[in-house]
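Following the hints, put chain B in place on chain A, whose structure we already have.
Protein chains: 2
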Amino acid sequence: MMQQEFMKRALEEAHRGVDAGDGGPFGAVIVKEGKIIAAGHNEVVKNNDPTAHAEIVTIRKASRKLAHFHLTGCHLYITAEPCPMCFAAIHWAHIEKVFYCNTKTQSAEIGFDDQIITEIIEHKRPDPVAFVHTPMESCHTLFKKWFDKPDKVLY
Amino acid sequence: MMQQEFMKRALEEAHRGVDAGDGGPFGAVIVKEGKIIAAGHNEVVKNNDPTAHAEIVTIRKASRKLAHFHLTGCHLYITAEPCPMCFAAIHWAHIEKVFYCNTKTQSAEIGFDDQIITEIIEHKRPDPVAFVHTPMESCHTLFKKWFDKPDKVLY
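First to last, the sequence lines map onto chains A and B.
Heads up, the first sequence is in my numbering, so the first residue is 1 and it goes up one at a time.
Heads up, the second sequence is in my numbering, so the first residue is 156 and it goes up one at a time.
Looking at chain A on its own, in the form it has when it is part of the complex (with noise of 0.2 Å):
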């Protein structure tokens, strides 16, 4: 399969989710070695999941089938530029590259406009959520009993 059959399966994806209102109209695919591993689109709606973008719906899948929390050397197909979160989980995950079809302007003139936490998360607007730092000592309790674990799993 060719780079563009890729991204027209995350295509079918989306368009199937936007057909049963599952979500907004986002589908992706991973690819490994040329094979197609997982498909997913946007589910914040149908599963009341604010997380349940594309992108981790099928991350998710892809990690479960790989029974890694690591998606090294996978390719991700997404109808769109990822928001933040996605972006991000796209790290966590290690995924090697990343092929999108419409962009953050495109999303936001539909209305999902990304921009804004990417704008919080730069301090570049205020940010409405209000965070809260309470430093207690049985917190670096906690982190130090995890550094000092023998059999700890860096992710």
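Note that these hints are calculated values from the structure, not bench results.
All figures in this text were calculated on a predicted structure; none of them were measured in a lab.
Beta carbons: idealized from backbone N, C-alpha and C, even for Gly.
Treat the hints with care, since some could be wrong.
[What the hints assert, rightly or not] Chain B residues, not near chain A, derived (Cβ > 12 Å throughout):
hint : residue
1    : 188
2    : 190
3    : 191
[Said to hold, decoys possible] No more than 35 Å apart at the CA atoms, straight line, and that leaves these computed lysine-lysine pairs for DSBU-like:
hint : chain 1 : residue 1 : chain 2 : residue 2
4    : A       : 152       : A       : 35
5    : B       : 163       : B       : 252
6    : B       : 299       : A       : 46
7    : A       : 145       : B       : 163
This is chain B only, laid out in the frame that chain A set:
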């Protein structure tokens, strides 16, 4: 229950996760109107899921419980400052207030350097992931289809 009690519950969750080898030392609790509606901890290793940070796990539980993709009026208690994935998820979920214990610097000290992802978002360091824009007319059609859908649900 007081704020400190909620954080203690998040800490207990984190300890449970570390003891079980489920993932990193991170726990979360979501509170609505003074009552805990969801609690969870990092399950990246247990579930082979790179997105299973404590915040994501707990947001998913809470939104399922409230049967809504927005957690308006909810407070989140977490053992550490969120990574960009969870930070964005908090915003998508419309959480009102976040109490966190350990800082990003403290997380980095024990091996969780989320700051790297933040710096990539801020274009302060090169991105190890290749992002390739591959525009397609059919992707534009997909977005238009969603935009014109009379019963679309915004989130």
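How the hints compare with the structure:
No Cβ of chain A approaches the Cβ of residue 188/B within 12 Å, the least distance being about 17 Å, so the stated non-interface status holds. A cut-off of 12 Å between C-beta atoms confirms that residue 190/B is not in contact with chain A; the least separation is 19 Å. Non-interface status of residue 191/B relative to chain A is upheld: no Cβ of that chain comes within 12 Å, the nearest being about 16 Å off. Restraint check for residue 152/A and residue 35/A: the C-alpha separation of about 32 Å stays at or below 35 Å, so the hint holds.
Only pairs whose Cα atoms come within 35 Å are accepted, and residue 163/B paired with residue 252/B is accepted, the gap being roughly 17 Å. For the hint linking residue 299/B to residue 46/A, the alpha-carbon distance of about 21 Å falls within 35 Å, and the restraint holds. Restraint check for residue 145/A and residue 163/B: the C-alpha separation of about 16 Å stays at or below 35 Å, so the hint holds.
Violated hints for the displayed structure: none, as all numbered hints are satisfied.
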